[in-house]
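> Take a look at the letters that make up each chain.
Number of protein chains: 2
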Amino acid sequence: MKGLRLHNSLSGDKEPFEPLHPPFVGLYVCGPTVYNDVHLGNCRTFLTFDILRRWLTWLGYRVRYVRNITDVGHLENDADDGEDKIGKKARLEQLEPMEVVQRYTVGFHEVMQRLNILPPSIEPTATGHIIEQIQMVEKILEQGLAYVVNGSVYFDVQAFEKRVGGYGALSGRKLDELIAGAGAGRRTLEGQDEKRHPADFALWKKASPQHIMRWPSPWGEGFPGWHIECSAMSTKYLGAEFDIHGGGFDLKFPHHECERAQNLACTGQGGPRYWMHSNMLTVQGKRMGKSEGNALWPRDIFSGDHPLLPRAYSPMTLRYMMMQAHYRSTLDFTPDALEAADKNLAKIREALGFLPHLTGSGVSDFSWSSWQDSLFEALNDDLNVPLACARLLEGLKHLHQVAHKQAHISEEDLEALRSFLPRFVEEVLGLQIQATAPSDASALQALENVMGLLIQLRNEARVSRNYALADQIRDRLQKVGIQLADSREGTTWHLQGSSSVS
Amino acid sequence: MKGLRLHNSLSGDKEPFEPLHPPFVGLYVCGPTVYNDVHLGNCRTFLTFDILRRWLTWLGYRVRYVRNITDVGHLENDADDGEDKIGKKARLEQLEPMEVVQRYTVGFHEVMQRLNILPPSIEPTATGHIIEQIQMVEKILEQGLAYVVNGSVYFDVQAFEKRVGGYGALSGRKLDELIAGAGAGRRTLEGQDEKRHPADFALWKKASPQHIMRWPSPWGEGFPGWHIECSAMSTKYLGAEFDIHGGGFDLKFPHHECERAQNLACTGQGGPRYWMHSNMLTVQGKRMGKSEGNALWPRDIFSGDHPLLPRAYSPMTLRYMMMQAHYRSTLDFTPDALEAADKNLAKIREALGFLPHLTGSGVSDFSWSSWQDSLFEALNDDLNVPLACARLLEGLKHLHQVAHKQAHISEEDLEALRSFLPRFVEEVLGLQIQATAPSDASALQALENVMGLLIQLRNEARVSRNYALADQIRDRLQKVGIQLADSREGTTWHLQGSSSVS
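Residue numbers (the numbering used here), protein chains in the order written: chain A, 2 to 503; chain B, 2 to 503.
Hints in this document: simulated from the structure, not taken from any laboratory.
Fair warning: there could be bad hints in the mix.
Identical copies go unnamed one by one, so any copy, or any two together, can satisfy a pair.
Stated by the list, open to error - Using 30 Å as the maximum straight-line C-alpha spacing, the simulated DSS-like pairs for lysine-lysine come out as follows:
#1 Lys253 with Lys287
#2 Lys253 with Lys398
#3 Lys398 with Lys90
#4 Lys253 with Lys90
#5 Lys253 with Lys140
#6 Lys344 with Lys480
#7 Lys398 with Lys480
#8 Lys406 with Lys291
#9 Lys291 with Lys15
#10 Lys406 with Lys348
#11 Lys287 with Lys237
#12 Lys163 with Lys480
#13 Lys15 with Lys480
#14 Lys89 with Lys287
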């Protein structure tokens with residue numbers, strides 16, 4: 002079996018993955034700007050790198066996964082103008098900016114938890130690393146690759162290009178075209194006049210008097226530019242050179258291009274050796290966006306409360322659906338795709354359900370070990386998760402035949418499968434099957450429904466004088482820790498808090 | 002009805018609560034040092050202030066609740082010696098300190114969520130406010146109330162006492178006794194020699210070469226003292242003077258005493274106008290502690306896996322149990338107390354269950370409005386939650402009589418009660434009754450158990466050729482979104498992800 006190969010945006014090729022200091026792997030992923038709820042597109046990115054981290058862990062690497070929280074410096078316009086996104090929200094909602102940060106950070110964590118996207122090893126915030134960012138800006142100034150204007154500091158792209166070179170290597174943009182493009186569409190916006198060159202970008206911005214988020218710096222009170230935080234935090238926690246940097250496709254330019262230039266200017270190293278970019282999510286073939294009126298949030302899927310959706314779907318169904326396109330391809334969201342995911346997830350759940358009850362005999366008429374290899378090969382081939390899922394289902398189809406005595410499996414293969422399958426599904430694909438896919442709310446709802454049904458059956462048994470059955474229901478419920486209480490108003494039930502009640 | 006009165010540790014008296022800028026209330030609570038899992042004692046403190054925040058909100062105040070995360074500077078010994086708690090854990094577990102911080106922050110949030118302790122409005126970290134802490138230390142130095150020794154900065158308690166005064170006012174400790182006490186037990190520990198006076202405390206500590214967590218400062222590379230973070234963060238987010246500061250009893254000295262001195266030295270204001278301290282939790286009459294071998298963690302309660310416990314209890318049962326002592330009294334943890342809480346919680350759940358089915362008629366033979374006032378009075382009397390709970394149960398007892406036609410309730414009272422009761426229980430007491438008390442895991446377990454029982458009933462029906470009943474069970478389950486699948490291995494079930502499946 003070949004080893005892991007990953008597509009490197011920097012070379013444009015799939016390359017064998019060789020970590021700098023095995024078994025350690027340093028992975029940095031750009032996290033959310035917490036001024037808004039994360040939408041499905043964001044979730045897709047975080048899911049991609051969740052599976053990458055899980056797969057690296059399965060392969061035996063010890064992953065330090067850093068995913069930041071952007072809580073300052075991300076301006077409305079990706080260029081260096083417009084209001085700070087968090088500052089603006091704070092103004093609109095009449096909150097302290099950090100209240101905005103807290104609200105959307107809590108919401109983000111909740112969504113990640115429901116999608117079973119594991120927390121990163123470190124989750125640093127931009128405001129928590131102002132000192133480190135200032136230090137980095139100072140170093141870039143020392144190198145003569147930035148300049149100070151009116152209390153702001155800008156990265157000097159032309160000087161960088163002359164002395165270091167490689168600006169545009171990641172995104173494929175050419176400096177000349179950037180100038181032309183910027184020139185054509187250029188508006189006279191605050192800060193733009195201060196730049197020597199339209200491709201220059203802010204490392205530190207002077208705070209206007211009404212700007213709340215501000216810190217002292219050698220250049221006066223201000224706040225960091227958007228790009229510098231990731232350079233500072235990845236360097237602090239992973240080193241000047243580390244293994245993998247991931248993020249959404251849309252971050253390639255300007256964010257990652259600028260980040261790379263900053264790293265090179267400051268440390269002489271480009272930061273990550275592998276750059277990975279997750280493609281976008283479309284909705285029924287169209288780019289998803291607020292202005293397009295087709296934006297989707299996880300809560301829409303979990304509640305079913307959306308014009309596109311016939312019903313609610315569980316977080317695991319959403320997770321599985323988002324795994325059905327390769328991370329470098331566009332993923333098209335459709336209700337049918339969700340429905341298909343739900344069905345396939347049910348097949349996986351079913352197989353894991355009957356697996357312990359199967360019996361092995363004779364010789365397998367299916368090569369389970371090469372099937373297992375084929376799953377690994379798919380993941381090793383630039384994390385081809387949809388292919389791994391398709392092959393997983395092929396195997397399960399065969400397993401279904403075994404269950405129906407239409408095929409054989411040897412004792413040895415069965416034992417291996419019993420150990421492998423649940424781990425692969427839960428640890429690598431991150432599908433919560435045993436602890437059940439439905440959200441907490443829907444599991445509780447299901448419990449309510451089923452209890453309602455049992456109480457109804459018991460009442461009917463009593464009406465038809467089948468007291469034996471009625472009592473049986475009550476007694477057996479009690480054995481599993483559920484107490485029924487009859488009153489004139491009807492029967493209520495109460496969970497005694499634990500299944501260990503005898 | 003009288004207004005809210007709160008016990009102020011500073012005066013030692015219950016005082017009428019008058020916020021500085023109504024309807025706004027600024028509340029600061031010392032959060033966890035994230036080097037370890039939170040134990041039941043910590044949970045009690047956070048629960049106390051969760052209810053305070055809920056009650057203030059009910060009263061119509063707009064609360065900005067700041068609860069910090071201590072991720073640097075808290076040394077093993079509350080005096081200024083010993084290793085940094087997080088640094089030590091990082092060394093022992095061979096992790097980057099921020100990995101330790103992340104692990105226990107995630108765990109802390111999980112426990113808070115299960116206990117339905119709402120997230121604060123802002124959750125600032127000490128490492129996220131190094132600049133603000135340095136600025137505060139600089140101001141205290143400017144005031145001549147601190148001194149620099151070998152790259153560390155210490156607060157000069159004697160100078161403070163001479164020029165400002167009031168050190169010890171919060172904790173009731175006298176400076177003379179502190180000197181005597183410190184002198185008697187004093188060991189020659191790193192840093193102690195540098196102090197001019199044994200009661201002095203560190204504002205900034207020089208980092209030894211092996212210390213990982215370090216930042217540049219005017220005094221060289223180092224890290225903040227433990228106490229300065231709360232002064233810096235409460236001032237930043239709530240102002241130099243604000244309403245309430247809460248924390249565990251054990252934080253009164255030295256932490257809060259030092260914090261108050263720092264505030265006074267730096268801003269001329271003492272910070273909060275009301276200091277509130279939550280008392281400790283004992284286990285069967287003994288102080289809880291690791292060395293005592295009787296420490297309890299929330300997971301012990303939720304799993305039932307602890308020598309003291311006969312079974313598992315839900316997070317809501319634990320929450321209710323911890324509400325059964327006044328916050329300024331010791332709360333004694335016993336299995337009986339948990340069992341009693343479980344029973345009383347069941348009564349509340351039962352009442353909320355039959356409340357919608359009651360019918361009103363004639364004149365109430367119970368004064369529901371004065372009963373409601375009595376709940377409010379209990380909470381207004383320095384947050385007497387156990388008294389409010391007791392009175393709540395008294396009312397429910399009467400409601401039970403109504404349900405059994407042994408008492409009357411007027412239409413008007415019933416309507417008021419239907420609007421009031423669920424809100425009071427869920428919004429003020431924070432008891433999740435509808436969304437059900439059991440933890441997710443135990444709800445899922447219960448669902449598994451109940452489904453097992455239904456499948457068994459269906460099988461028995463088939464064996465006894467009662468196909469009507471067997472089919473009914475299958476069909477009705479399908480209606481509530483649960484699919485049964487029969488195979489030779491038996492029957493499995495599958496939740497279709499949503500209760501809205503038709």
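> Against each hint, give a clear statement of whether it holds in the structure.
Hints, one by one, checked against the model:
1. Taking the shortest Cα distances, lysine 253 and lysine 287 sit within 30 Å of each other inside one copy (21 Å), while across copies they are farther apart (59 Å).
2. Proximity of lysine 253 to lysine 398 under the C-alpha cut-off of 30 Å is found in neither arrangement, the shortest distances being 40 Å within a copy and 65 Å between copies.
3. Taking CA atoms no more than 30 Å apart as the test, lysine 398 paired with lysine 90 passes in neither setting, with 51 Å inside one copy and 48 Å between copies.
4. In this homomeric assembly, lysine 253 and lysine 90 come within 30 Å of each other (Cα to Cα) only inside a single copy, at 25 Å, whereas the closest approach across copies is 37 Å.
5. Taking identical chains as interchangeable, the C-alpha atoms of lysine 253 and lysine 140 lie at most 30 Å apart only when both belong to the same chain, with a minimum of 24 Å there against 43 Å between chains.
6. In the homo-oligomer, the alpha carbons of lysine 344 and lysine 480 lie at most 30 Å apart only across protomers (18 Å), although the nearest pairing inside one protomer, at 33 Å, exceeds that limit.
7. In the homo-oligomer, the alpha carbons of lysine 398 and lysine 480 lie at most 30 Å apart only across protomers (28 Å), although the nearest pairing inside one protomer, at 37 Å, exceeds that limit.
8. For the homomeric pair lysine 406 and lysine 291, neither the shortest alpha-carbon distance inside one copy (52 Å) nor that between copies (56 Å) is at most 30 Å.
9. With identical chains, the CA atoms of lysine 291 and lysine 15 are never at most 30 Å apart, being 34 Å at best within one copy and 52 Å at best between copies.
10. When the C-alpha separation of lysine 406 and lysine 348 is checked against a cutoff of 30 Å, the pair qualifies only within one copy, where the shortest distance is 18 Å, while the shortest distance between copies is 52 Å.
11. For the identical chains of this complex, lysine 287 and lysine 237 are neighbours neither inside a copy (39 Å) nor across copies (45 Å), given an alpha-carbon limit of 30 Å.
12. Within a single copy, lysine 163 and lysine 480 get their C-alpha atoms no closer than 78 Å, and across copies no closer than 70 Å, so neither meets the 30 Å cut-off.
13. For the homomeric pair lysine 15 and lysine 480, neither the shortest alpha-carbon distance inside one copy (57 Å) nor that between copies (49 Å) is at most 30 Å.
14. For the homomeric pair lysine 89 and lysine 287, the shortest alpha-carbon distance inside one copy (28 Å) is at most 30 Å, but the shortest distance between copies (52 Å) is not.
Checked against the numbered hints given earlier, the structure breaks hints 2, 3, 8, 9, 11, 12, 13 and satisfies all the rest.
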